[in-house]
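Working from the sequences, and respecting the hints, build out all of it.
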Amino acid sequence: MGITTITGPGTAAAVRAAETARLGCLLRAARDGRPAIVELAGDPGTGKTALLTALTREARAQGIAVLHGRCTEAETRVPFHPLVQALTIWQSAATRPAAVTAATAALVDALTELPPGAEQDAWRSPFLAEARSLLATGPASAPDGTLLVLDDFHWADPGSIRLLETLIHWPLDRGLLVVVAHRPRQAPVPLRAVLQQGGETGTVESIGLGPLTEEQCGELLGLDPDDPELPRLHARSDGNPLYLTTLAEAGPRTGNDLDTGTAGALGARLLAETALLACTARTVVHAAAVLGSVFDIDAVAEVAGTTRDDACRELSGLRRRDLVRATDRPGVLAFRHPLLRGCLYADADPCWRSAAHRRARDRLTRLGLPALDIAPHIERAGSGVRPADGGVLAAAARACVQAGRAADAAHWLTAALRLRRRTGGDGWAGGTDLWKQVVRALAAGGDAERIMSLRADILAGPDGRTPEDRARTAAFLAAVLAGTGHDEGAQALLAAELPAAQAASTGSGLLLRVHQQLAKVLAGQVPARTDVEILTHRTLGADPVTLGGALSLAGLCAVLDADMCAAETSLDAAAHALDELDTGRAAGDAEAGYLLVLSWAEALMGWYGPAYGHAERALTAARDRGDAYLLPPLLDTLGYVHYQSGRLADALGAVQEGTAVSRAMGRGDHAALSDAVSAAAWAQLGRIAPHPAPAGRTAPEPRTPLNALLLAEAALASGDPGAALALLLPEREAWRVAEPVAVFAARNYELLGAAAVQADGAGTACLDAWAERATEAASAVGLIEQSGHALLARGHALMGRGLPAEAAACYEEARVLFGDASPAGARARELARSAGRTAERCEDDGLGELTLREREVAELAGEGLKTKDIAGRLRVSPRTVDVHLTHIYSKLGVNSRAALVRLMALAG
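For the sequence shown, the working numbering assigns the number 349 to the initial residue and increments by one for each residue that follows.
Hints may contain errors.
As the list claims (entries may be wrong) - Cβ-Cβ distance ranges computed for the label pairs, FRET-style:
1. 1164 to 1213: 24 to 32 Å
2. 889 to 917: 12 to 20 Å
3. 1178 to 570: 53 to 61 Å
4. 1124 to 579: 32 to 40 Å
Rather than coming from a laboratory, the hints here were simulated on the basis of the structure. As the structure is a computational prediction, the values presented were derived from the model and not from experiment. Note that beta-carbon positions come from the ideal geometry of N, C-alpha and C, so glycine has one too.
Printed below as a string of structure tokens:
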């Protein structure tokens, strides 16, 4: 009977299909009476034991005799220990035939009674020949074959190696399968030589267990091939099943410094390899663990407090144990795996470890190594830190910022700030720019959680020493938090700092109060107008920056409240205050945020020139300082301004960058607006906007009223009026318009009318009502752009009533208001031309240009017949009717079935 399987799902043996299959074949051969010797070689944790366990389980299931012996370091000098162990256990497990029992007992006696010369390891051939003969007549005589497993044979005694050599050179003539499992890096030279000779003569088959592939790792862990964690786990584990499962169980946030408690079985297993280390060797390996996963001999000697010769000797012994390995650099070694280093590090005495870190710090400082190499030792130096160490930690934070490792930079900044408080150092090597660089780097990745964790240490640092400095620091942190979408954290911070700031000075209190409202805008919310107006009144005597910020906020609230007179007054005053500060220098932190608010309010007013200037000024400052939290709203503002001004290429450039930044920061609201501007701009250019897969940590992208307007314009320009109606009128009901903001109401109603006219009359019954509402909305806000949209809506209504000449006049008047450069102006121009052509054809119906068949189709369509009905009347295919209709639309200057019906009605 053949072997079905020797594995179970989700095991290391299960994923090594080739090795498993080969062992199965050899086991089947032994059952048929053919002997074999197999070398199973692999590093620790590669799955040797799992394969052997599965192999022995299957052998027992098939009735094959199984003997299993394991070598240990403690029994290295005990002659024939693994064989005696295997024979004794096998003999006592069941009743055997008398001859087999006698031969087995004789073999055990022979192996346990030392022959002459044993103390010199000079095992003589007659003795080994007798042992071989007893093995053949004893365990190896099982009728269904015998499996002899010798595990961890790298710890085998010399006698066992000589007996294995005898079996290799003089194989038995019966079904004995010998599997010798060992770690090749730890195997003694005699064992390696014997196995190599057996391989050369063909009596030993070698099966090596290398690293698992990424696919095998996924199969072992039960992960999908496209799981994002799989490549990370495969790389960190080096494809080792033992390390792989440990890292997977520990989770993505766990580093390599696992202690024995968290490592569980792994820690016990790895530390068992060091159980017999002498005191000096243990100190050396602990010193190496303190230095890191990679270390040099001289450093180990100094940290361990021993001579270089002693350290070199002990490290050589550790190499033989495969605890450490050589690297491609002379004198530099590395642990077998970082997890092993972590277990050994945790095993060291904590007090000794702190002193060792201080010695490592002193050595690396003396050698002038980079701060990132020294910082970990300062962090773990315990009470032996010095004020000067703060400069090293600050330098490490700066290096991480430059390398784009924001989380690590935050870690070292926190350590530096706390060390300064502990040591009471007066100087601060980091400076204000360092903590701001770290916060900005965190904001670029949307990491508000770490910014929240940093704020207490920053406020307790040098820039929180005076009330004024503390207020400015809190204002900056709150703006960054709000810009990353963490409004609750920003408001909590400002509320906590406000009482002390107000008590210290009026200016500090006003700064925080203005930032409370600014934070709402940065987080995508609308401040309460009454709160902003009260605040503006209080800031009348404040500095120009704070005053300009309050006035900008007041103007924005007034715009959104459709109070255009108040908006114009506030925005003019805000522009005056902030423009006076434009002396060629970059705008400050607070100033850039206020310029953002001002530019967006101006864009809503249709003041695209001033809006562009103020947004560009803020964007320049934000880029210079790396204020990523301001980039999404600023780029959205510029993209919208460029689009409304007809600079479509510039609009696409701005929103393309804005989309990338917004997605990286997790600001789905800004990414959605960027996508809407992009869709509208591409549609104006006659193309469909590309839709790249979202990258980074993106929050859900809400559909806002402005987004709906822009996407509706894109749909109309792309010839999809149904999509425009779905965006603007979800319930297909005139009173459920999606745009509640008064400043865009006229534009919204106009787009509804345009979509209805273009959609073959869908919704044309509402054209007059929408035109009236557009006119009322435009009159309420008094903005030129909205008046243009009201005229377009009036033109749509006139076209719906079959009055193309009057509609053309409305369209032309709207074009003059918009100007030719803007998308709305270009659309008005095309509508005016089309309506004018329709009017001319209405005066002279224009039907003479049609062929006889086209005239027939036009008349039937004018009667309200559908394409299928017209095809039946004329006995042609529906496709032919559609072709005729296309020609008719072109010749008559109409663009829909509804317009054709009206034209035919006018023609009589």
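Now the hints, each set against the structure:
{"no.": "1", "hint": "1164 to 1213: 24 to 32 Å", "in the structure": "40 Å, violated"}
{"no.": "2", "hint": "889 to 917: 12 to 20 Å", "in the structure": "18 Å, holds"}
{"no.": "3", "hint": "1178 to 570: 53 to 61 Å", "in the structure": "59 Å, holds"}
{"no.": "4", "hint": "1124 to 579: 32 to 40 Å", "in the structure": "60 Å, violated"}
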